[in-house]
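With the hints as your guide, set chain B onto chain A.
These protein sequence lines are chains A and B, in that order.
Residue numbers for the first sequence follow the numbering used here, beginning at 211 and rising by one.
Residue numbers for the second sequence follow the numbering used here, beginning at 19 and rising by one.
These aren't lab readings, by the way, just hints derived from the structure by calculation.
Glycine is no exception: its CB is placed at the ideal position from the N, C-alpha and C atoms.
Where hints are given, some of them may not hold.
A few chain A positions that, by computed beta-carbon distances, are all more than 12 Å from chain B [what the hints assert, rightly or not]:
{"no.": "1", "residue": "Arg233"}
{"no.": "2", "residue": "Leu275"}
{"no.": "3", "residue": "Tyr444"}
{"no.": "4", "residue": "Tyr472"}
{"no.": "5", "residue": "Tyr532"}
With the C-beta cut set under 10 Å, the calculated list includes, among others, these residues of chain B facing chain A [said to hold, decoys possible]:
{"no.": "6", "residue": "Arg94"}
{"no.": "7", "residue": "Phe104"}
{"no.": "8", "residue": "Thr111"}
{"no.": "9", "residue": "Thr121"}
{"no.": "10", "residue": "Lys127"}
{"no.": "11", "residue": "His170"}
{"no.": "12", "residue": "Val321"}
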Amino acid sequence: MRRIMAMIRKEFHQIMSDKFMLRFLILAPLFQLILYGYALTMETEHVKTIICDLDRSSISRQFILGISNNDRFDIIGTAGSYEEMETNIRDWTAVIGIYIPPEFSRDLGKNGQGDILAVLDSVNGNQALTAYGYLKQIAAESALELAPVHVKEEYLSKGGNIRINSHYWYNPELKDQDYMIPGIVVLIITIISLMLGSMSIVKEKESGTLEQLMVTPLGKVQLILGKQIPFLLYSFFELIVILKLAAFVFNIQLAGSLLSLYFVISLYLFTTLGLGLFVSTLAKTQQQALFLTWFFMVFMIMLSGFFIPIENMPWALKLITYVNPLRYMMTTVREIYLKATPLVSLLDQVVPLALLGAGIFIASVLKFHKKVF
Amino acid sequence: MNSLIKAEGIEKKFGTVNALRGISLEVSEGSITGLIGPDGAGKSTMMKIALTLLKRDGGSISVLSVNSDNDKTFIRQNVGYMPEIFSLYTDLTVEENLNFYFTIHKMDKQDYEKKRERLYRFSRLEAFTNTKAGSLSGGMKQKLALSCALMHDPKLLILDEPTTGVDPLSRQEFWGMLHELKEEGVGILVSTPYMEEALKCDFVYMMNKGKIIGEGIPENLSEEFEGSLYEFEIPGRKPQEFLSELKQIFRGDSVFMSGKKVHLALRGAEELSDIRTKTTSLDPELLVRKKVPELEDIFIIRVLAEGSDGND
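Here chain A stands alone, though its shape is the one from the complex (with noise of 0.2 Å):
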């Protein structure tokens, strides 16, 4: 216990002495919290539509059409009543509900103007928004075909007169930030440990101190553990430097546990830790780590859902998703972050993260074991 401290305080010392890269670790962060917070924005396509329609009549089939029509919805399938749509969007199987009430089309010949309510998970802001307009479009579009047989002029003028009544969950302001937040936390931790956890050990083999250490008492474990836990540690340490910062400059609060984002987390720095790890054990220099690093980072972010919706992907890469650590850490963390989920909830992504987590981790530590030792 005494040597693994030795060499955690050693780590400390390490960074403290560097004061470029401590001003660089504690600021760019945040420095990315902020920007990224800002300035990414999301592409709306291929938003899963689930249609309530109890009018059927040829004008809300019309307007269906107009939507199944559009490359930006696609109808995953329709509900028998208000609430089986709206288990839907609960469960996550489709964004967009489309709730056509039966007197909708009777109201649109008689007044003139009929309602339909479009609920929209807003959780990813900017596509609820987007979508939205789209939906808007349709709904003008479709009542300007129709109203030479139902409407009279002057409410042509007006532009729509299907209005549409839409109820934003999860992220009721519909600020883009509110659905980056949570990714953008993901990505600065999985940034952090892994650059940090691969670029450590590869310096003690690069300045020659890694076969120093190799004859003093310190074992693999304690080394191994000596090298992660600073990591650790200093990972959580940004974490909460990154939600207080979101709080103060987003005003986005966690919704969910504290503890079981740390939790989660937790899980998934074994794996980050643990490919940190795993590229010791392959580069010789900090060059070759930083390459390797580099591959792993941008394959995790890429595949995470983060940029490019999963459900917009070619099935192969979609595959793929599936052993990405990254994509069920997204997921997790916006649902603990924004709707509060408990784990128990979330199962479906915990169990691939810990497993996952656990499988790199003490795959790194065998082949450090077989190289290194």
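The following block gives chain B in isolation, referenced to the frame of chain A:
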């Protein structure tokens, strides 16, 4: 005297390169054993095998009286090692480095003050306590590295070219430290490319291309030389200008450059006048002298002899 390292016929291959070809050596308590030879002779490889940092391909070795196959950990924990490149944390201070290696080796905090004081007195690094190891001079760095390697009072020290690139004064100081340690009964295996340092060893092994080409007490090695050595010089001319001519004349014997002179080693004893007659065709200003061989001459003679035996 107890033997600390006993190696018998050590073989090591890196791919198709035979790095070690049957090395046998011994290191005893209270003595300094030198491995001398050029870069690539296999000195570091031999040391790493003794330290269990590399696996050998053949032969047997026991270190500190234990079999190195079974007791890796014991050996690693009880040997002091200084690798060829400076391997301390350059971004930590002298004190932080010492403290780190102390904590990793020993469990008792009370000992640290005593230990530290002793090592500081020994290495004269006290004034540099808060200096980053990276900004120390070459000599200071090596003294610090030695101090760290001595943290656990090892009975055996393995030092891989500890004075390469160090100024002559610091080199002398460093060897002074090694002699002090030797007096305390520590066994030291040290490699060096400098022949004058070999003379400071109690016993040397000459290594070339993975083989031991000579071994013995340094002074005796030159005395044991049975042939005769001559030195040629032409004032105002570079030795390489008449080296090939001499090689032509003394084909089959060892002719090599040594500083500004050319040395000729003959297997038997030959009269100086005979040499003079053989070289009359050369520059009339050619000077010939008989010479007592130095360790360097012995080394080169053996290297050249190895080459001509076709053992390569």
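Which numbered conditions among the earlier hints are violated in the structure presented, ordered from lowest to highest? Of the numbered hints given earlier, the structure breaks just one, which is hint 12.
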